[in-house]
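Novice: Sequence:
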Amino acid sequence: MIPKDRIRMLDRQVKRCRKCRLWKGNAVPGEGPADADMMLIGQNPGQQEDEQGRPFVGQAGKYLDKMLEDRGIDKKRLYITSILKHKTPGNRKPRKDEIEACLPYLIEQMNIIGPGIVMLMGNVAKDNAPRYKDIRYIETCHPAAAMRFPSKDKEFKKDLSMPRKMQEKDKKKNQKR
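The sequence shown runs 54 to 230 under this note's numbering.
Hint data in this document are derived by calculation from the structure and do not stem from the laboratory. Beta carbons are placed, not taken as given, at the ideal position from N, Cα and C, and that holds for glycine. Among these hints, one or two may not hold up.
Said to hold, decoys possible - Derived DEER-like restraints, expressed as beta-carbon distance ranges:
#1 K77 to P56: 16 to 22 Å
#2 K119 to K186: 31 to 37 Å
#3 K119 to D88: 24 to 30 Å
#4 P56 to R217: 32 to 38 Å
#5 E122 to D58: 28 to 34 Å
#6 K68 to G143: 19 to 25 Å
#7 Q112 to S204: 15 to 21 Å
Unchecked claim - Pairs of lysine to any residue residues, derived as SDA-like cross-links and limited to a Cα-Cα distance of at most 25 Å, are as follows:
#8 K205 to E122
#9 K226 to E192
#10 K149 to R107
#11 K128 to M219
#12 K149 to C70
#13 K222 to E208
#14 K115 to I191
#15 K222 to P86
#16 K226 to I170
#17 K68 to I160
#18 K129 to E104
#19 K72 to E161
The whole structure should be built from the sequences, with the hints applied where relevant.
Specialist: Below you can see the structure in the form of structure tokens.
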């Protein structure tokens, strides 16, 4: 089965999931091409993501879009998802059992897509995303934190510039071969 079809099938599974107490909301599996070079992983959908069924469409998502655009990163070439696939009540931090229920979906997304770079946005993503030796990881704050705290914003902007630098370095290295 081709990756695009595998992602669609996985999306349907996520939308039918009843493994934890959060299932009553609208599932937000993820979005982007099945052959994405890079994945962005956040914590969990918020209210607007729940309503639209798409990741990072709220205020933090709009900020993320602008920061990506400013750095010449094509959002259409990214696969964007989160640790949890449903919003939490009051946007509280996810509980361990909720993370454990959703983690197999994220693992499968990563296996299907096979990104070269994964950006982990926020502590929940940093602390819970699976790690594979053939993937380069960039840990940064969540875009919502970057919007609120100037010191985090500076760090976030710097971190968002890293993927492009990594890709340019790879191109130079491959040209020398």
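Novice: Compare the structure with each hint and give your call.
Specialist: Comparing the hints with the structure gives:
no.	hint	in the structure
1	K77 to P56: 16 to 22 Å	violated, 30 Å
2	K119 to K186: 31 to 37 Å	holds, 33 Å
3	K119 to D88: 24 to 30 Å	holds, 25 Å
4	P56 to R217: 32 to 38 Å	violated, 24 Å
5	E122 to D58: 28 to 34 Å	holds, 30 Å
6	K68 to G143: 19 to 25 Å	holds, 23 Å
7	Q112 to S204: 15 to 21 Å	holds, 19 Å
8	K205 to E122	holds, 19 Å
9	K226 to E192	holds, 24 Å
10	K149 to R107	holds, 23 Å
11	K128 to M219	holds, 17 Å
12	K149 to C70	holds, 17 Å
13	K222 to E208	holds, 21 Å
14	K115 to I191	holds, 20 Å
15	K222 to P86	holds, 23 Å
16	K226 to I170	holds, 17 Å
17	K68 to I160	holds, 16 Å
18	K129 to E104	holds, 21 Å
19	K72 to E161	holds, 16 Å
Hints 1 and 4 from the earlier list are contradicted by this structure; the remaining hints agree with it.
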